[in-house]
Amino acid sequence: MQKTITRIHDFKLPTAILGACLLEDHNQMVAACMDGIYRVDLSTKSHQRIAEHDSYASSAVFLPEARMFVTGGYDGKLKWFSAQDNALVREQQVHSFWSWDLALSADGRWLASVTGQYLAGDYKYAPAKETEPSVKILDASDGRVAYSLPHTPSVQSVVFSHDSQWVAAGNLMGQVRVWDVATGAQVGGFESKDFTSWGIIKSHCYLGGIFAMEFTPDNQELIVCGMGDMRDPMAGNGKQLWQRWNWKESKL
Amino acid sequence: MKNSICLIAVLPRLFAIASVKCMVVCLLVAIASGHGRLTAQEASLQGIGSQGIGSQGITSQIDRRIALGYSKASIVPAEICTDEQFVRRLYLDIAGRIPTLAERASFIEDRSATKRLDWIDRLLVGEDYVQNFADTFDTLLMGRASRGKMGERQNHWRPYLEDVFRSNRPWDQVAREILLARPEGARQAGAVWFLYERNDNAQAIAEAVAPAFFGIRIDCAQCHDHMIATEIHQQHYWGLVAFFNRSKNAKTNAGPRLSESAIGGFSEFANIYGSSYPNLLTFYESKTIDETRPEKDAKQEDSQELYLPATNPEDPRIPKFSRREKFVEEILNGHPRFAKAFVNRIWAMLMGRGIVHPYDQMDSVHAPSDSELLDGLAEEFIDSGYDIRGLVRGILAARPYQLGSLRPAGAEDPSRFAWSIERPLTAEQLGRSLQIALFQSASKDHACIADLRDRMPEVLPETFVTDVGDALFLTNNPKIQQMILEASKQDGLVAKLALREDTRAAVDEMFHAILGRSAEQTELDTVLEFVQARLAKRPAIEPISVWQSAVWAVLTSAEFRFNH
Amino acid sequence: MVRRQDCGSPEHQAHRRLFLQGSMAAGVASVASFNGLFSIPTLAQETKKQGKKCILLWLCGAPSQFETWDPKPGTITGGPFGSIATSLPGIRISSLMPRCATIMDKLAVIRSMSTEPSEHFQGIDVLTRGEAPRPPFTRPILGSVVAEQLGQLDSPVPQFVLLDPCPEGNEFKSFKAGNWAGWLGAEYGPVRSGGEYAIPDLLRPESLAQVDHEDREALRNFLSRKYQNEQRSQAAAGYNAAFDRVRGLMSCAPLFDLDTLPAADRERYGPGAFAQHALQARHLIENGSTFVMVANGMPWDNHVFQHEMHQMLVPEMDNVLFQLVTDLEQRGMLEDTLVIAMGEFGRTPWLNEARGRDHYSKAWSMAMAGGGIRGGVVVGNTDPMGFEVTENAIDNRRLFATIFKTLGIDGNEQYDLPDLPTFHRVEGNVQPIEELLIG
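Top line first, the protein sequences correspond to chains H, G and Z. Each residue of the first sequence is one higher than the one before, starting from 8 at the first, in my numbering. Each residue of the second sequence is one higher than the one before, starting from 44 at the first, in my numbering. Each residue of the third sequence is one higher than the one before, starting from -9 at the first, in my numbering.
Here chain H stands alone, though its shape is the one from the complex (with noise of 0.2 Å):
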C-alpha cells in the first residue's frame, strides 16, 4: 500500500510546537507549545493562545464524544478544555517531572501519559531508577488513574494499538514496554540499542531514544523511530532512524 501525503497547509505559531491534534472538523488545529496552547483556524490561518502549562506544553490530544481537547505539560499536568468555548473543564497533576508525551486509544477510553528525568544512575550515567511510576494509564473521561506502570526514565513517548487493547512506552534507553490497557500487566517489550547514544567525545552519559512510535495497522508491530548513532551526542549529529519490532515475540 502506498498513500501520497499532500501538504494542504503551512503555518508557524511563534514558539516552537511540541504536540498537536486536529479537531473534529479537522479545520481547527490544538498545539503544544513551549509558551502555551494555541488554537489554530486553519482557513482562517488565526491563531489565539488559549491557556497555558506553568512549562512548555507538550502534547495534545481530542476526545471528539466528549467534544474535549487534553493536554500535557512539562508542569506533569493533564488539562481538559471545552473544544466550544476553550474553557478549562479539568486539570489534574499526573506526574512531578514532565509529561513528555500523552495518548489517546481509538476507542477513545484511555488517556496515556509518560514521565521520568534522566538522573545518573551508576558511574557510566545509565538512568537511575524511576522515583515515580513512568507511565499512567487514565480514564479519558474523569481522569481516574487506572493503572501506574513502571519503566525505566526517561519515557519518552506512548501509543496506542489500533484496537485500544495496548499500550507501548518507549524510553531514552530504546527500551520499549507494552501493556494489556484491560489488565495493566506487560504483555511485551523490546530494547534497541541503536536510538541511544553514550557520548564517548565530550560526554559520559546517554542522549537520544526513542522520541515517537505507532502500531501497524495490524497491531503485530510496532514502528518507532528517534536519532541514530551519534558519535558525539552534542552534536546531535545522528541520522534519522525507523525500525520494525515484533513486540510480542521478544519480552523486556
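Just so you know, these hints were derived from the structure itself, not from any lab. Please read these numbers as outputs of a predicted model, since none were measured by experiment. Hints should not be assumed to be uniformly reliable.
To be verified - With beta-carbon atoms standing in for the labels, derived distance ranges: (1) Glu319(Z) to Ser189(G): 39 to 49 Å; (2) Arg336(G) to Arg258(Z): 55 to 65 Å; (3) Arg190(G) to Ala23(H): 37 to 47 Å; (4) Ile428(Z) to Ser89(H): 56 to 66 Å; (5) Glu357(G) to Lys163(Z): 36 to 46 Å; (6) Thr295(G) to Gln9(H): 31 to 41 Å; (7) Lys163(Z) to Ala493(G): 14 to 24 Å; (8) Asp497(G) to Ala344(Z): 29 to 39 Å; (9) Lys10(H) to Arg190(G): 46 to 56 Å; (10) Arg124(Z) to Met270(G): 11 to 21 Å; (11) Lys163(Z) to Ala229(G): 32 to 42 Å.
To be verified - Computed list of chain Z residues with no C-beta within reach of chain H, every gap over 12 Å: (12) Gln142; (13) Asp144; (14) Gly168; (15) Leu192; (16) Val201; (17) Gln224; (18) Asp326; (19) Val367; (20) Thr380.
As the list claims (entries may be wrong) - 25 Å max Cα-Cα, derived DSS-like pairs, lysine-lysine: (21) Lys192(G) to Lys200(H); (22) Lys136(H) to Lys200(H); (23) Lys246(H) to Lys200(H); (24) Lys342(G) to Lys246(H).
C-beta: ideal position from N, C-alpha, C; glycine also.
Given chain H's structure and the hints, the job is docking chains G and Z onto it.
Coordinates of chains G and Z only, in the frame set by chain H:
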C-alpha cells in the same frame, strides 16, 4: 597576528645584544654562504650536491634564507653539531632509531669529505627509512588507531605507504591515488584505505583531507565560519564534504573499493544563525565546480546511463560526473596550499617545528616564520616533480639541520631555527631505539611498541609535555622491565656488561650503546661508584641486577628520550 | 579536626617515623649513604604550610546560566524549568537546584560574568589561566599557580590533581594535551587521574626490589639532570619533573583508590563519575593536595536538546556542590578551602532550532564558596531576558584577582623568571570584587 605580538616582546631584548654581537654575526653569515675558515664538520657540509639530484636548490635556499633571518634578528646560531650528535640525529630522523654500535663507529671513522651527505643518501635508500616514514605518515594521515584497526591497516594501507616511500612516488601522484581511490594494479590497492577506513563518513573524510593535503584544520567551520581563522568558511567545510558524500565503501572480490553514485548528495547547510546555503562543490582558496542541482523537491533518477564501466570488471562502475574525480583534477591539482603543506610538514618532522607552527594549521592566524622560504621550497618541490626523498635530502643537507642543539645565548625564538630543536622520540622511534640499545637489532613489531603507542601517541606535538604517567610507565611497566630482563640473557647488553672484568670499560660501553657517546668523567665516576658499591656486596646482590639498574637509569634519562 | 599529614601508606609512615626520630639512615641506607647525590629530599620540608586549598568543579562545555543561577522563568526563551526560592530572601535559582537553594547563604554567585571568547578552546584558556594567550609564552593554569604559591612541592601527595574520566573530549582534549604549568615549569603541572583511566603502573614491578627501585631512580635522576642543565632543556626539565613525582605518587596509591572511601560518602555524593571525583577531590584536599580540578569531559555543551541534558547534569551538580560545601564545613575545612563551580562561558538566552543553547560569553553565571569568600552574596545582574549584564560586569581578570586575593596570593605580583617579558599573575592591575571578600 599572534606571532607579531610575540616578536614585539622579544625584539627589544635582541636589539640590546645586537651591537655587541654584530661582528660575530657577520662572520657566521659569511661561513654559511661558503666563505671563511672551515672546521672538519664545516668541510663535510660543503660537500653538498655531489650526488643529490634536485635537492641543491632546496639546500641553498634554506641556507640563504635562514642566515638572513639570523642577521635580521641579530642572532648568533649554534655551532655545527659533532659527528656523534649528527649520526644519532640522522638515524632517528631517517631510520627511525638510534644507530647500532657498528653503524656509529663506521660513520665516525669515515674520512670522506662528503661523509654527511654520503650517509644521508645511504640512509634514504634503506628499508629503515621506508618503515620510519610509513610509521609517521600513518599517524599523520590516519591518526592513532585501536590495535584491531592497526591490524586491518597492516593488511591494506601499510603496504601501500611502504611502497610510496620505497619507490619514492611523487607526492602529487600519491595524493591523487589516495583521493581518487580507483587503484590501477596491486601496488595502488591500499591507497583506498584512507577513505575506506572512514567508513562512509564524508565529514570525517573532509576533516582528514584538509590537514593531510592542505595543512589546514576546518573542523571548526562545521557549524559556522571559522571564528578565528576567518578566511575558512562554512561553505568550504560542506563543499569538501560534498566531494566525498556520494562515495560508499564497496567490498569487491578485488578487495576494498570506493564506489560512487552519480546522483544525490545535495543538501543545504544551516549556520548557527539560522540561514541556510546549498552545499556547492567548492573549497578553500579554490573554485566552485559547476554541477546541475535538481529543483528543491525534485527526485533524481539513477540510471546505468550515468555511469561508465570500470576498466577492471571487479571494480565499481564510475559515474560520468564524478565528484571525487572533479576534486582531484580541479581542486587538488595545482592548489596553492598543496605543496606548501607537504614541505611544511616534512620541515616540521626534521626540524622540530614547522615554518608554520603548528604544521597543520596553516591559516591566517598562524603566519609562516619566513614566507619566502616556504614559498621558495614549495616551488622547488613542485619543480622537482614532488620528489619526497629530494626534499628530505635538501633539508638534511642544509646547515640549520646540522646545528648543535644547545640554544645559543640571545636566541629565544625557535622559529628562527638557530639551534637544533629538541624533540621527543615518537613511540615507534623510542621502541626501536630501546631495542637497538639493548640488543643491537630492532623489530618493528616488538611488543613494547604497541604499549608505547598507547602511552605516548603524539607525533609532532604542538607543545610537548611529559605526563607523570609516562614516567610511571617507564619506571614500573612490566613490559619495560621484561625488556631489561631479556637483555640480561645471551647477547643482550646487560649480560655483556655483567661479563666484563673491567668495570670502567663496561660503564663506557654502556654509554656508547645507549647514548652513542663516551661517558664524561663525572658520569663515569658516579656510575662506577654506583656499580662498585653494589658489586662489593656480592653475593647478597647479584651482579646482573646491578647492571639492570644502571642500564635502566641510562635508558630512561632525558638524553635518550629526545632527539637533539 | 585531625589533619592527616600523609596519605596512609605504610611506606610513607615509615619515612615519617624516621624523620621524627631524627634519622634518615636506617631504612634508606643504600640511598642516603651514597655520597649525597642520591639522598631523598629532607622530610622536614614536608611539614605543612597552613595554606589555603582550592577545588575547581570545572563545568567544561559551558553550563546554562538560565538552568542554574540566573533563571528567567516566564520569558519566552527561559526554558521549561521554573525557579525556586532560596535561603536568601528575594533570590531565586533554577528549580533544578533544590539543594543549593538551601545553602545560598554559604554560596557566592556572580550573575554578571562577561568575558570575550565564545569558542571552547579560547574560553577554556581564558577561564583556567585568567588571560588570553600571548604566544610563545604559556601562562600557567590556575591550579599550577596555586600549587606553586601554596603547595608543598616536596610532599609525596600531588599538589595539583586533575580528575577527569574522559580520554576524549574535542576542545577539552586538545587543551588537556597542552602545557598546563606554562612558564612555571612542568613540576607544577597536574597529576591526572580519574575513572577507569585510574593511574596505571602505580605499583613496582614484582621482579624488582624496593632498594633497586629507588637506587636506580637516583642514578637516573643524576644523569638526566646533568643533561637538562647542560642543554638548558625545558623539555628535559619537564621530563625530570615527571619522574620526581613517581615515588611520591606510588606511596600515595591508596589516595587514588575510590574504593577506599566510605560507602555512605559515595552514596551521598551520587553515583556519576563527576560526583565520585568530587568526593575524591575532598579526600585529596583533606590529605594534603592543594588544588584539585574536577572535570567530566565537556558534557555541558548542549547545542542539541539543552533541557533534556541539563535535566540530568544540573541536579548532579546541585548535589555535588551541596555535598562538598556542607562536607567541608562539617570537617572544619570550608574556611580554608575555596570551591569554585564554573565553565568557560554561558549559553545563549535564545534557543536554536535543535532546542539547544549555543555559546554565550556576554552575560553568564558562576558560583564560589569557602576559602574566605563571603557567602550569601549575589554579584551583578542581567536584564529580564538575560541578554546583557545590567550591573557590575565581571571579567576573567577581576574573577582571578578575587580568587587569588581570597587564597592569599598577590595577584599583582610580577613573575620573576628568566627569559620572560613582564607578566603579572593578573594583568591590568584590576581590583578584586570587594563585596565577596571576608577578610
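Here is what the structure says about each hint:
Checked against the given bound of 39 to 49 Å, the beta carbons of Glu319(Z) and Ser189(G), roughly 46 Å apart, stay inside it. The hinted window of 55 to 65 Å between Arg336(G) and Arg258(Z) holds, with their beta carbons roughly 60 Å apart. In this structure the supplied range 37 to 47 Å holds for Arg190(G) paired with Ala23(H), their Cβ-Cβ distance being about 46 Å. Between Ile428(Z) and Ser89(H) the CB atoms are about 60 Å apart, so this pair conforms to the stated range of 56 to 66 Å.
At about 41 Å, the CB distance of Glu357(G) to Lys163(Z) agrees with the hint of 36 to 46 Å. At about 34 Å, the CB distance of Thr295(G) to Gln9(H) agrees with the hint of 31 to 41 Å. For the hinted restraint 14 to 24 Å between Lys163(Z) and Ala493(G), the CB-CB distance of approximately 22 Å keeps it satisfied. Judged by the Cβ atoms, the range 29 to 39 Å given for Asp497(G) and Ala344(Z) holds: they are separated by roughly 36 Å.
Between Lys10(H) and Arg190(G) the C-beta distance comes to about 50 Å, which sits within the given range of 46 to 56 Å. Evaluation of the 11 to 21 Å hint for Arg124(Z) and Met270(G) yields a pass: the beta carbon distance comes to about 19 Å. Here the CB-CB span from Lys163(Z) to Ala229(G) is close to 38 Å, well matched to the stated 32 to 42 Å. Every C-beta of chain H lies more than 12 Å from that of Gln142(Z), the closest at about 31 Å, which supports listing it as non-interface.
Residue placement check: Asp144(Z) keeps its beta carbon more than 12 Å from all beta carbons of chain H (closest about 34 Å). Interface exclusion of Gly168(Z) from chain H stands, the closest Cβ pair being 17 Å apart, more than 12 Å. For Leu192(Z), the requirement that its beta carbon stay farther than 12 Å from each beta carbon of chain H is met, with the minimum near 20 Å. Residue placement check: Val201(Z) keeps its beta carbon more than 12 Å from all beta carbons of chain H (closest about 38 Å).
At the 12 Å boundary, the C-beta of Gln224(Z) stays outside the reach of chain H, the nearest C-beta of that chain being 31 Å off. The non-interface label for Asp326(Z) is consistent with chain H: the shortest C-beta to C-beta separation is roughly 30 Å, beyond 12 Å. At roughly 30 Å from the closest C-beta of chain H, the C-beta of Val367(Z) stays outside 12 Å, upholding its exclusion from the interface. In this structure Thr380(Z) is separated from chain H by more than 12 Å, as the shortest Cβ-Cβ distance comes to about 24 Å.
As the CA atoms of Lys192(G) and Lys200(H) are separated by approximately 23 Å, the hinted pair is consistent with the 25 Å bound. Between Lys136(H) and Lys200(H) the alpha-carbon distance is near 18 Å, which keeps this suggested pair within the 25 Å criterion. Restraint check for Lys246(H) and Lys200(H): satisfied, since their Cα atoms lie roughly 14 Å apart, inside the 25 Å limit. Restraint check for Lys342(G) and Lys246(H): satisfied, since their Cα atoms lie roughly 20 Å apart, inside the 25 Å limit.
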